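Participant: Here are the chains, one letter per residue:
Protein chains: 2
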Amino acid sequence: MTGTDSDLVVLKLGGSVITDKDSPETVDDEALHRVLDAVASTSKSEDGRLVVVHGGGSFGHVHAADHGVSTTTGTSDAAAATAIHGAMKRLNGVVVDRLQERGVAALPVHPLSVAARDAEGVLSLPAGATEGLLEEGFVPVLHGDVIAHANEGVTVLSGDEIVTSLADSLGASRVGLCSTVPGVLDEHDAVIEEVRSFEDVASVLGDSESTDVSGGMAGKVQELLDLGAPAHIFGPDAVGDFLTGERAGTLVDGR
Amino acid sequence: MTGTDSDLVVLKLGGSVITDKDSPETVDDEALHRVLDAVASTSKSEDGRLVVVHGGGSFGHVHAADHGVSTTTGTSDAAAATAIHGAMKRLNGVVVDRLQERGVAALPVHPLSVAARDAEGVLSLPAGATEGLLEEGFVPVLHGDVIAHANEGVTVLSGDEIVTSLADSLGASRVGLCSTVPGVLDEHDAVIEEVRSFEDVASVLGDSESTDVSGGMAGKVQELLDLGAPAHIFGPDAVGDFLTGERAGTLVDGR
Chain A
1 MTGTDSDLVV
11 LKLGGSVITD
21 KDSPETVDDE
31 ALHRVLDAVA
41 STSKSEDGRL
51 VVVHGGGSFG
61 HVHAADHGVS
71 TTTGTSDAAA
81 ATAIHGAMKR
91 LNGVVVDRLQ
101 ERGVAALPVH
111 PLSVAARDAE
121 GVLSLPAGAT
131 EGLLEEGFVP
141 VLHGDVIAHA
151 NEGVTVLSGD
161 EIVTSLADSL
171 GASRVGLCST
181 VPGVLDEHDA
191 VIEEVRSFED
201 VASVLGDSES
211 TDVSGGMAGK
221 VQELLDLGAP
231 AHIFGPDAVG
241 DFLTGERAGT
251 LVDGR
Chain B
256 MTGTDSDLVV
266 LKLGGSVITD
276 KDSPETVDDE
286 ALHRVLDAVA
296 STSKSEDGRL
306 VVVHGGGSFG
316 HVHAADHGVS
326 TTTGTSDAAA
336 ATAIHGAMKR
346 LNGVVVDRLQ
356 ERGVAALPVH
366 PLSVAARDAE
376 GVLSLPAGAT
386 EGLLEEGFVP
396 VLHGDVIAHA
406 NEGVTVLSGD
416 EIVTSLADSL
426 GASRVGLCST
436 VPGVLDEHDA
446 VIEEVRSFED
456 VASVLGDSES
466 TDVSGGMAGK
476 VQELLDLGAP
486 AHIFGPDAVG
496 DFLTGERAGT
506 LVDGR
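Respectively, the protein sequence lines represent chains A and B. Start counting the first sequence at 1; every next residue gets the next number (the working numbering). Start counting the second sequence at 256; every next residue gets the next number (the working numbering).
Here chain A stands alone, though its shape is the one from the complex (with noise of 0.2 Å):
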């Protein structure tokens, strides 16, 4: 984190990155341990304000698969939900756990305590309980959940819809999101350097390929030309990088 005492980053952990997708319910230990480290070393020696958003991984995803629910289509099963929701809970836990034994005053906030998608499926996440924690000295840790939905009972919030959300009613001066790949790639797989608008990309940008309720590459990019803030898209190496201020991943800045 960098500048004023004001400055607020979120940064955005791909379940990706932090979970063994082809393994349920698994942590990558060291991919977590290092994008951790890195969060602690900036966090402790800065002034700015951090708030951690988290993806499900093969905790979130492999439940939501199990029982058909995505960001569109829900389930009113009270224990199909809680299976999606326990799961993130778990990973949630053992984010939290880990940066607080690295000195980090992290604290969880769970998506279903506090969103709700209208019958538009237009999401409402109001951020006062974040905000007084960050005003608070803590480090607020979300993530992907599921969330009451008008008329679909509850369906799946991603982590990408919290960072956008969160960084909008919020005003982050930074958004990351550290993903498996260290940033968008052309078609030499070499890194974009910067991306202003959706056509400086839309030749080279794929599908995710693994299963991702949530969406791929090109719904994380067009969602982050939409922020009011300039956004960085990177690898788990680069996380101390970008929350020091420094050029990581590709800028994607839409302003």
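None of these hints come from the bench; they were simulated from the model. Values in this document were obtained by computation on a predicted structure and should not be read as measured data. The reader is advised that the hints may include incorrect statements.
As the list claims (entries may be wrong) - Facing chain A, from chain B, some residues (calculated, C-beta under 10 Å):
#1 L287
#2 K344
#3 H365
#4 S368
#5 R372
#6 G376
#7 S379
#8 G383
#9 E386
#10 L388
#11 P395
#12 V401
#13 I402
#14 H404
Ideal Cβ positions, reconstructed from N, Cα and C, are used throughout, including at glycine.
Use these hints to put chain B onto chain A, whose structure you have.
Facilitator: Quick look at chain B alone, frame taken from chain A:
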């Protein structure tokens, strides 16, 4: 639950009712089964909407006392906050699981994720997620917790505070507080049928006897008198009566 589809009942299960207050993190299995059986048998046969709120008992209060945290004195120690919050989540998990086992579509709502206090201690608890779950046929289950509190870190949010906040913001038609006593008792330990103003009972209300960071009967009655809905204070045997609209314990109604 009685009457029309739009009727909303808020039921608070006292922490002293569902836990053994003398033994850390111990559920009172017999009492919990009894009250949840009553909830299940009425909530499945009626059309109204139900919110359950439970207190901390030997889960939350012990940790809150250990760390010197109350509704007005906070902590900025993430580990202390997690000790209290984690204990309350464990109790909440038990309540939610056992309701689901009985066929009630219970889902957890954790106040730390949604509520905060300002520097004057005024509570903000946006009810959109809880309302969304209700509209989709779920039974939200909230609990006493710690929440962000401006200039204090996190402080305790009592179950009673949640009840009054939600009853107001959701427009509850009836509120019930299941306590260890069968109602507000007079000087001969007989249940007072109705309380219409605090003066009615000022002479007989003492302080709560056990360690309770969230206040005793006097505070409960005062808060319930300020509600815009009739409230009942009753013992574990009367949960079913309350939910089916029968007279239960003491009616507190200051309207």
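Participant: Which hint numbers doesn't this structure obey?
Facilitator: 1 and 6
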